[in-house]
Every structure is written in C-alpha cells, then in structure tokens.
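Chains as they are written, first to last, in the numbering used here: chain A, 1 to 301; chain B, 1001 to 1295; chain C, 2001 to 2554.
There may be inaccurate statements among the hints.
Said to hold, decoys possible - Under the rule of at most 27 Å between Cα atoms (straight-line distance), these lysine-lysine pairs were calculated in the BS3-like manner:
1) A:LYS108 / B:LYS1009
2) C:LYS2446 / A:LYS150
3) C:LYS2399 / C:LYS2370
4) A:LYS150 / C:LYS2205
5) B:LYS1054 / A:LYS294
6) C:LYS2205 / C:LYS2215
7) B:LYS1101 / A:LYS11
8) B:LYS1137 / C:LYS2399
9) C:LYS2459 / C:LYS2446
10) B:LYS1194 / A:LYS108
Claimed, not checked - Distance windows between CB atoms, simulated:
11) B:ASN1067 / C:ALA2501: 28 to 36 Å
12) A:PRO190 / B:ASN1067: 56 to 64 Å
13) C:ILE2543 / A:ILE82: 29 to 37 Å
14) A:ILE188 / B:MET1065: 19 to 27 Å
15) A:GLY202 / C:ASP2535: 38 to 46 Å
Calculated directly from the structure, the hints in this document are not laboratory data. Even glycine gets a Cβ: it sits at the ideal position worked out from N, Cα and C.
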Amino acid sequence: MQGKIVDRLRKDWPWLLMLVPGVVLTAIFSYGPIYGIVMAFQDYNPGLGFSRSPWVGMENFKLIFQQAQFLNTIRNTFFISIFKIIFGQTASVIFALQLNEIRQNGPKRVFQTIVYIPNFVSWVIMAGILLNLLATDGIVNQVLKALGGKPIQFISNRDVFPWTLIFTDMWKTFGFGTVVYLATMTSIDPELYESAVIDGAGRWRQTFSITLPLLVPIIILMTVLALGNVLSAGFDQVYNLYSPAVYPTGDIIDTYVYRLGLQNGKYAIGTAVGLFKSVVSSVLISTSLIISYKFAGYRVF
Amino acid sequence: MKFRTKGQKIFTVINYILVIFVCLSCFLPLLNTLAISFSAPTYVAAGEVYFLPKGFTTQSYAFAMSNGKFLRAFWVSIKRCVLGVGLNLFCMITTAYPLSKSKQRFGARNFFMSFYVFTMLFGGGLVPWFILMNNLKLLNSIWALVLPLAVPVSNMAILMNFMRSLPPEIEEAASIDGAGIFRILWSVLLPILKPSLATVGLFSFVNHWNDWFQGALFMNNPNNYPLQTYLQTLLTNFRDLLRQSGSDYYSLLSRMNEQTGRAAQLFMGLLPILVVYPFVQKYFTTGLVMGSVKG
Amino acid sequence: MKKLLTLGIALLMILSSVSALAEFTPVPVGEVGTGTREYVEPPEGDWDTPYTEIVNIRTVKGQGADVVFEAGEDQSNNEWTRGWYNDLGIEVSYDWIDEGNTQYTQKLNMTIATGDLPDVFRCNYIQFRQLMKAGLIQDLTEVYNKYTSDRIRGYEETDPDTIKLTTIDGKIYGIPIYYYGIIDNPRYMWVRKDWYEEEGSPELKTVEDFENLAKTMIEKHCSYAVAVDNTLDYLFMTGPMFDVYLGQPSQGSYFWYKDDDGRIKAGIAHEEFKTALEYWAKWYQEGILSPDFMNYDYNGMNEEVVTGRAAFHPFYQWEGWLNNPNLVAAQQNENAYLIPLQFPTIDGSQVLGQVGFPNADVIVVSNTCKNPAAVMKLLSYTDKIMFDPTTVLTEEQFKGFTDGQREHLPGAFEILDPQADMIQFEHVLYAIESGDTSELFTSGMKKKYGDSISWIENKEPGGLGAFCQQGFEGCSYDLAKYLIDNDYLKRTDMWGPSPEAFDDTVNTMDIISIGVSEIIMGIRPVSDYDDILADWYANGGQIMEDAVNAEYGD
C-alpha cells in the first residue's frame, strides 16, 4: 500500500508541484472562511468569536423560514432566474440563426462584436446608464410615447421590475450565447445543406430540419449549465437597480443576505440564509453536471 | 452569392434590418451616454440629448481629470488588473494542465478537481471572509483584491477542456524528444493555447475591472478604491464630489451637472474594455467554443 | 505597433508590481506617528492639560464627501489634528474612513464582527446593545467624571434622559452625542421663493389653500408641485397636515405616540393616516405629485428641485444647504431658492411640530483601548472649539477648524450642545438685524453669521444654508422657535431608543411602504389599507407595539 503511494508520488510529483500555487491560494482564501459556516448554528457574539459563541442548533433556520419575506425572496429568485434562462437562450439562438443567414463575413464579424460588448460592461456602469434610459421621461419611454403607448415605470413598478431585470439581463448577455451557437453552426458539415438544396429545401426548411436539430444538444447543455446557477439571480444587477419599493418582487436571496448581514448586523441569520442557498445550489449544480454528462456526453470538470 | 428568388431577397433584407436593429439596441445606449457626457447641462436636464452632443463641452471630462479621485481609482484598477490577471493566468495554466490529464496519467486528478469544484458550491459567507482578510492583515491592501479567487474555477475549466481537446500526439512527440512536462507546457502547449488564454485572460480582466463589491468591502481608505467601487459611490454622491471644487462650484454648475459628469466618468470606466476587447475578439470563437462546448 | 504595445504592457506590469509591493503592509488611513498605544498616566490638572508622552487613539468615521482641505492638508494633517497634538498631546489615526457616509453602518458591522475594534467610535443603539452583550466596550464612569469638561457634564442637566440610556447598572458605557436641541426637529413645506412671491406670498392655512397654490404653480412654472422620493421619507413628512406623525420608512423607523385611549401606536396605525392616504392618492392623480416619484431616490428628488420641475419640497430645516445653492446656480436667478412655510392643516388649525427622540448615536470606547481618558479629553476639546463662548480663536484658526465642512472632521469626537442652536439662532438673527456683532460668542455663531452675510451682501450661494436657517424672519429656525415658544409640539411617546424586541422583527416597514405606494399610485383603493395594516400587525407590528407599550407606556 505504502509502496504504491510512493510509486505514484515518484511519477506524479511534477503535476503536484505545478498545482501548488493554485491549491495554496485556494486553500487559504476559499477554504479559509468555510469554518464560518458554524455561525449559522450559533448566536454569534463578536466578543467570543467562533470558538466560544453559544450554540443554538437550528434556531436561525427556524427563524428565517418563519419570515414571509425570506420565502418571498426564494420565489423571486426562481422566477427571475428561470425567465432569464428562457429569454436569454431564445434570444441567443434566434440571433445566431439570423447571423448565420448573413453570408458576408465582414458585417457578420462586426455584428457579432457589437452584440457582445454589453456583456463586458459592469452592472455598476450599466445601472448608471439604464436608470437614465428607463426613467419615465427617459429615451425608452419617449419612444413608447411617440408610438402612442403609455410610459412604463420600469424601475419602480413592482410588477414590471422583475421583467426589467429579465430583459436587461437578456440584452446584456445574449451575445455570449450567440458566439457559442454561431460557432456550432459554422462547424456543421456544408454537405448537409447542399444535399438539402438538391432535395429542394428552402432556407426555412434548412433551418428547421438541419440547423436547429443539430443545435439542440448544445441548447440543452447551455440551459442545464445555467440551471445550476438558478439561485444566483444576479446580485450586482439587482443591487444596483432595486429600491425598497420593488423589494416584494425584486429582492433575491443574495441581496437579502447582504441586507441582513451587513446592514442590519444579523451575522448569524445572514450566514444561515447563505448556507441554505449553498446547499440547495450544490444539489442543483451537481444534478446539472450529471445531466449534461449523461445526456449531452459533455464533461465540464 | 446570387439571390435566386424574390422571396429570398426580401428575407435577406428583413434579416439585415432586424440584425442591425438589435445591434443598434446594444450600441445606442452607450452612444447616448457618450453624447450626454459631452453636452451642456441645460440640454441634458431638459431631456433633449439623444445620440449627438448638444452644446458641446468637454467640461465633464476636464472635471474628472482635475479631480484626483478618478485618476487615482483608475490607477488602482489598472494595478489590480495587471496583478490579478497575471496571477489568474499563471494559476489557471498551472492548474488546468495537470487536471486536463486522465486519472491514469495523474492519479490524484479527481481529488484535486473535487477540491476546486467544492469551492464553487460552498463558501463561508461575507462575514467570515472579512474576518479572514482582517486576520491576514490584508485589509486596505491591493492584494485583498488580487489574491482571493486566484483560480477562477469555471474559466480554468474552459482552459482545461481546451487542453483536453488537443490531439495527444502533440505532447507525445515532444516527450519522445525527452522534454519534461514543464518544457512541454512552456514551449509546446502555450503557443497553441493562445486563443484560449486570450479568452480566459479577457474574462479575468473583465472580472477584475468590473468588480466593485470587494473594493467596497476590503478597502478602508477611499483613496484605495478601485474604479468601479468609486463609480458606485458616484451614483449616489456625485453632487458632494462637485461641491469639493470649493468656490468654483457654482460657476461649474452652469457648465456641467451630475448627469453629464457621471456619464463622462462612466464612459471612461468603460473605455479600457472597449479598447482591449477588439484585440482579443478574433480568438473568441476558437478559444471559447473549443473549451466550453466540445467535450 | 505590436512591439510598442508589448513594451507598454511590460512597463505597466513592472510599475504596478513595484508600487503594489510597496503597499504590501497595509498603510493605516492616518499614518501612525510617534504616539503610543500603551497606558499612559493622564497628567494632573484640568481635562485640557496635555499629555507629556504622546498618546495614540485609533478611530473610524463616516464623513460627507464634501469636506474640503486646505492645500497640502489631509485627514492626518489639519487644524484639528494639530490642535489635538499640540494642545492635548494626542495623536489620532483612522482605521477606516467612509467618505460619502453611505456605508458607515455596514462597515462598522463588519468591524464589529471581527471583534477587532478601534479605540473609540460612534454607533447606533442596536450596535450599542450588541456591543454590550458581547462585552466589547468599557465602563467609562470614572474617566467620564474625571476627564471631561464641566460643559459636557452639564449637558446631562439640560437633557437628563439621554445619558440614562447608556447607563447600565449605574455605569456609563457610552456618551450620547446629544443633539442641537429640539429646534432642529420640526419639518417644513419649502417653496420656491420667486414663484411664491409672484403669487403675492399667500398664507397657506388649509390644505385646500395649498392645493390651489400648487395647481397655479403647475400651470405657470413647473411639471408638478411637490418633490418627494421613492422611500416615502419626505412624503411622510407632510403627515402633520393631516394630524398624523410618521417616521422614516427608509430607516425602518416609526413615530410612536398615544392614541385617544392612551395606547402608544405607530403613526401608520393611527386612524388619521388614512386621511393622509386619501389626500396623497388624490395628489398623485391630480399631478401634484410627480407620476414618476417612485423613480426618484434622494438624489433624483433633489435633481427635480434643482431643475425647477417642482415648486415644493417637504424637508428638514437645513434645505438651505441641500438644494438652494444649486438652485440659484442652475437657474441663474438669485431669487430662485426655497424658503420654509409651516404646513397647512385640513381645517386651518395650528399645525404641530413633530419632535422625535433625537439621539441616534452613541460614542463608545472599546475594551482594548488603553487610554480612555484621552478620548474624554478629545470630546471636551471638540466641544470647547465649537460651542464654548469663552474660547478665543484667531481668524486663521477659526477658518482652519470650520471652513469647507471641516467642523465635521472630528467624527467620533463630535459632541453637540443640546442648547446650542437655539442660543445661536437668537444671537445670529440679532446680529444680522442690528448689525451689532459683539454678541457672537461661539465659532458656530460666527460661522453662521458670516455665511448669512456672505449671501446677503455678496450673493454667495454657499451662504444660503445658514441664511435660510437663521438669517431672516421666517427662516426655518424662526418658524421652529414659534412652535417651541407656544408649545405647538407633538413629542413622541417613545422617548428613547426602540426596545430590543425591534431587533428581531425584520423589515416590517416594507409591508407599509409597498402598500402605501400602491395606494398612492391608485393601484389599490384606500380601503385596502386595513388589510395592509392587519398584515403589518401580524408580521411583527404587534410585537413592536407591545414592546413599546411595555417599556414606555403608562
């Protein structure tokens, strides 16, 4: 047994050596704070620290599940995330199909570059821009009014706000999906199209009977991977756009934890909510990884 | 390509129009911000500025430049990005390479992979993280923004999958020539990895450049805020900042206002990304797609 | 080109690595100089006898982003730090400073969580209780009695209730920062002076008078009449118009007072609140409130005032500092600024000024502080500079201490004289009206007088703050004095911090602010408010009401 380990070490040492920097930093900065999870089961007292604060068992969890607001944030988080995935993926696929129809390479590249830009804009900057654009007298509403519509309170109406989140997120991120889908399309064997043309298939037929079916595995894959993150509905986006008026529909788990832990100083309860989120997401992420491996044959890790 | 039917011609035209429309929607908001930043405050306040500046003035930019804070924050962000991206790339390469090997070639591969995946799932939360940084005496230091998340796991996975997708013959040939794995990594693999490295490097740059939260959490002195953290405080505090210009304040107000000033600084915060992105863009398709989608 | 780029990047890397390495040891915000953190026996004599060995005190502070330093000066080198060093032998360093004062509570909560506290800092009562429970702050009774000035201990007599709140089992664990006196409590309906005078400055006795004037203004000048924001804080300030008194939703605070049966209830639970809701909903419909008010945060609201899209603004007595300078500058019109009016009431009866429990903050000293006596000396020093009529300062010192908002530099050492503003106002107004400046004793008086004069004589917009607060008949303090002298006041019956039970009820205010905003916007009828209130009672409101009555009830 021992011989076997020594054997392996002799063979593997260069690999291990190479891993050292990453592993050390990760151990310190990612594993270091994990002991803080104990806080979720304590009545944390900063004077006593983690080791001596009194244990309260599941009290903190009981407390959060009694809060109507917490249950509300869970509902919001799911709602916002799921629609972000649906709209985001749909937009990416459609736009990729559209770009695919453009045969000139120059314009195609330019278009692709442009739609990818918002992806890189931070939510801090984006919020600064959006709050301007989406104000009731902002440009978007001016256009709506010119078209004979009524102005919409994108940021302050609680029924509209989640959709504002969903659509601005779609708008900001669909470029990423487009790149992926477009690349998949370019790798489709041109002979398939040629034989379809011989069979008399038009552009629509080609799209629906060749391109889309070949995209399906990738679509499933991207969706499944996104589903793993369903409990992170975008802290930066929500934090920089929301206001108390839209808490009932716009507050998500991460913003709730932030307000509890940092603004109200309820460290233990904040940590308990965070831990709850970690547990649920790890189940979701593991499931999505397994599904993507089983059905799409794709191994992420 | 020749158009064969009238229907196809119409289709192509409509398609072009739709695509251009979508592109405009991505592009015009930025243009609007740019226009506001160069406009006179009266027109902006009246909501008359769309995509071209009205009452052209560079006052808002002059203000940002003369106020040391913007430049200082900009410099902090540059430092952070250089150090952070450097460290990220180094750690991602040295992590992805061993982990791209099969279990047969590197026995502990799965153990280390789980080690990393676990960090994606569980964290201690903000308070313990803050306490740790405090104990390490890293608060208020640029390293607090650089050292945590040295290995961004999902980006590392892109790189790892790219390595996996390479034909094994490349390495085999080199190792027959007697090269060790460090040699192989350095002189054989790295050149091939260029598109993928450019892609994950850009992601890492964007992550560092765009993060504001860590800056707000770990920096004690506003002078050490990175740009996005500074911009975040700007969203709520711009007027106070204007007021710091002391006695010039009131004459300043006739030449710029919060909106124009904010727009100018937001736009300049965006600029580095707009500059870097096109250089890297050409690598995207290969770098990203091979890594993330092809198993 | 490519080579140049590579070279540039390489150069940048070297540069930034070097400067980053130089920073590896975190530099405290204020450099730690020669002071010691060990215990040093305080010198014999009065509180203002300086230490012979320099003592270092660590603190943190939140501070407005509008503080301006003289050239070459900064946080660790200015009139205050020199004063502390030379006059007291104390050096102050800062663990952190929250510029803009938006993250102070968050940052302090983080710092408290680490248990690694600065020597002295300001905190709110929730944090105070937490710190007490954690045993992280020290008993100040002895040093307080020995090393604070008579003036500071004299504040106990003016306001005996406040220090009791931080006195536990006969020991003092925190020094309240006190407040400027109830003169700064009442709120007003601020109105654009130029437009108001154009209408002949009509007296607003009834709400109807107000509504008519509002409509005239909309017709002639502005997009809508009253600027408020999405937190509802400022709309709630108009409560006294309907004989209902309300807290600040954004702070999650309620205004608690007795109803006819003698039970203490939050303002939002009083019957009259529904009247207010009816009016607000009507105002929204009639365009007196902006259709967009839910889009405006605090800054957005102020922007509306400055751009002249609104004519009225319900606000505190210090509007003069907030929007007036910008208004005058933006409108290029020296008459375009806001002046205060008393709120009208439904039946034209006398409106009452709302007086809340003013002590938001406490100054505490951590367990690990070696020299609490030095902290007491610092408090006394700030008080002496700002409020003591016998203090003599040169013109230069005076400017050094107070110009460019620098009077707020002391942060945690800032303690307020609860009678200061009333006395100050009487002296300043007298000096302005009579031209006799011999009775301006304190720094505060001289500063407010000087500022007011700078507006009156030179139309310096920066002087409008002081001018609108103290500089003319009808200024905000003049209105407050009228309310106080005639006792037209509504005091809260929760004279003290909120009971501990409040800490466990999370964000009950959301229920109210959401429901109320929907009612105002006409999404729900006013009659729905009963359900909203029942919901509030069920989700923590009842707990709070019971706790308040248990602690403050008869």
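Going through the hints against the structure:
1. A:LYS108 / B:LYS1009: Holds, at roughly 18 Å.
2. C:LYS2446 / A:LYS150: Since the Cα atoms of LYS2446 of chain C and LYS150 of chain A sit roughly 54 Å apart, the hinted pair is violated (cutoff 27 Å).
3. C:LYS2399 / C:LYS2370: violated (33 Å)
4. A:LYS150 / C:LYS2205: violated (37 Å)
5. B:LYS1054 / A:LYS294: violated (58 Å)
6. C:LYS2205 / C:LYS2215: holds (16 Å)
7. B:LYS1101 / A:LYS11: holds (13 Å)
8. B:LYS1137 / C:LYS2399: The given pair, whose Cα atoms are some 38 Å apart, is violated under the 27 Å limit.
9. C:LYS2459 / C:LYS2446: At roughly 18 Å apart (the allowed maximum being 27 Å), LYS2446 of chain C and LYS2459 of chain C satisfy the hint.
10. B:LYS1194 / A:LYS108: holds (23 Å)
11. B:ASN1067 / C:ALA2501: 28 to 36 Å: violated (47 Å)
12. A:PRO190 / B:ASN1067: 56 to 64 Å: holds (57 Å)
13. C:ILE2543 / A:ILE82: 29 to 37 Å: holds (35 Å)
14. A:ILE188 / B:MET1065: 19 to 27 Å: Violated, since ILE188 of chain A and MET1065 of chain B (Cβ atoms, about 51 Å apart) do not stay within the stated range.
15. A:GLY202 / C:ASP2535: 38 to 46 Å: Once the Cβ atoms are compared, 59 Å apart, the range 38 to 46 Å for ASP2535 of chain C and GLY202 of chain A is violated.
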